[in-house]
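J.: Sequence:
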Amino acid sequence: MTTKKKSSAMKFLDKAIGAPISFGSTLESIRLSDEISQVTFAKRLGISQAHLSQIEKGVKSVSPERAKKFAKILGYSEVTFVELALQDQFKKAGIKMKIHLEAA
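Mind the numbering: the sequence shown is residues 125 to 228 in the numbering used here, read in order.
Mixed in with the good hints there might be a few duds.
With a straight-line Cα cutoff of 25 Å, these simulated BS3-like cross-link-like pairs (lysine-lysine) come out [as the list claims (entries may be wrong)]:
#1 Lys216 - Lys192
#2 Lys167 - Lys196
#3 Lys167 - Lys181
#4 Lys192 - Lys222
#5 Lys220 - Lys196
#6 Lys222 - Lys196
#7 Lys196 - Lys181
Since the hints were derived computationally from the structure, they do not count as laboratory data. Computed from a predicted model, the values in this text were never measured in an experiment.
Just need the whole structure built from these sequences, with the hints factored in.
T.: Next up, the structure:
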């Protein structure tokens, strides 16, 4: 598992106004705090800019496997990214439960 000290991206998220943290908002916060364009960030993740935009807006969901892959690429916690991806899926399904994972 890769972990990182609390980055400026996560601090940026802490200051987010009112909206709950989602996988898409996390990616967007990382991208914005690193001052990277969607095109450049999408290339780093191996996806199209349009797909990244849809993820950031919450239109598209990300599988746990893809969330783990993105975490590895970006150097963030795989557990956190997978938790966020699963939490988004629960929310879309109307399941009012919170996800908490631990590395095996």
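J.: Now, for every hint given, state plainly whether the structure supports it.
T.: Structure-based check of each hint:
With a C-alpha separation of about 20 Å, the suggested pair Lys216 and Lys192 falls inside the 25 Å cut-off, and the hint holds. With a C-alpha separation of about 15 Å, the suggested pairing of Lys167 with Lys196 holds against the 25 Å cut-off. For the hint pairing Lys167 with Lys181, the CA-to-CA distance comes to about 18 Å; that is within 25 Å, so the pair holds. At most 25 Å may separate the alpha-carbon atoms for a hinted pair to count; Lys192 and Lys222 meet this at roughly 19 Å.
Using a Cα cut-off of 25 Å, the hinted pair Lys220 and Lys196 is violated, with the two alpha carbons roughly 29 Å apart. With a C-alpha separation of about 23 Å, the suggested pair Lys222 and Lys196 falls inside the 25 Å cut-off, and the hint holds. Taking the CA atoms of Lys196 and Lys181, the gap is about 22 Å. The hint holds against a cut of 25 Å.
Of the numbered hints stated above, the single one contradicted by the structure is hint 5.
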